[in-house]
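S.K.: Letter by letter, the sequence shown follows residues 1 to 249 of full-length UniProt numbering.
The set of hints was computed from the structure by calculation and includes no laboratory data. One or more hints might be untrue.
No farther apart than 25 angstroms at their CA atoms in a straight line, the calculated lysine to any residue pairs in the SDA-like style are these [said to hold, decoys possible]: (1) K161 with T191; (2) K31 with V242; (3) K166 with V242; (4) K161 with I189; (5) K161 with L133.
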Amino acid sequence: MYVIAHLSDPHLDGTEEPRSRLRTITSYVRKSAVDVVLVSGDLADHGLAAEYDELAAELAFDVPVLVLPGNHDVSDPLRKGLAGFLDAPGDSHPVHQVRDVGASRFVLVDSTVPGADHGLLSADSLAWLDGVLREPFDGPLFVAMHHPPLELHHPVMDQWKLEDSKSLAAVLTGKPVTAILTGHVHNAIVTTFAGHPVLGAPGIRSTVPLPFEPSTDSVVDPTAYPGLAFHIHTEDSPLQTVYRYPRSS
């Protein structure tokens, strides 16, 4: 059994509230038996060096930790502050990575557009992804990115969606991808794209209520419990995902 603890959107900003919410999740993960921790973007709230220093201190685990950027992140300070968590060629944007952890490969795709909130994969990024996915690999293969290739049917969040998802679908179709792991929408999401499962982690900093749910005074609900996903891979069985919303101890 191979277990991925999938966290997303901590939005650390140096204040106590997001730090406490993240610690609720990391404390729960440390008490669990996992093989790898993945944090799928919006690591910092303003992309400041001090925020990445704070996150680096909070992500001390006894297992490998993988991180990728979200639309609130900034490449240069992220690369410097989280250098110990990255294996990303280059010195700026994009922050693409290929990481092998145990029997699994993680293709960490930077879907961000500097200075913007929507996502987009350039022609160069798509070519890089296509090349990586064509490499022989005998094991579970996960593609992770911040922006999910879907619409949330939310009037605000869909302004910040991944654009030109058709080009991504052309790259992913027929490739041996176990699942696509995402964040950004601050909701647990389960759907499919290009013939592959899409599994989105809940938001740690907040939740985004959907239009059919009871309305709030804001796009986000900062009072909802922070959550995480566990993705469980066992040989010769379908991938399983469970979601947990632990309370602070």
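S.K.: Would you mind marking each hint as holding or not holding in the structure?
M.R.: Each hint tested on the structure:
no., hint, result
1, K161 with T191, "holds (15 angstroms)"
2, K31 with V242, "holds (16 angstroms)"
3, K166 with V242, "violated (29 angstroms)"
4, K161 with I189, "holds (14 angstroms)"
5, K161 with L133, "holds (23 angstroms)"
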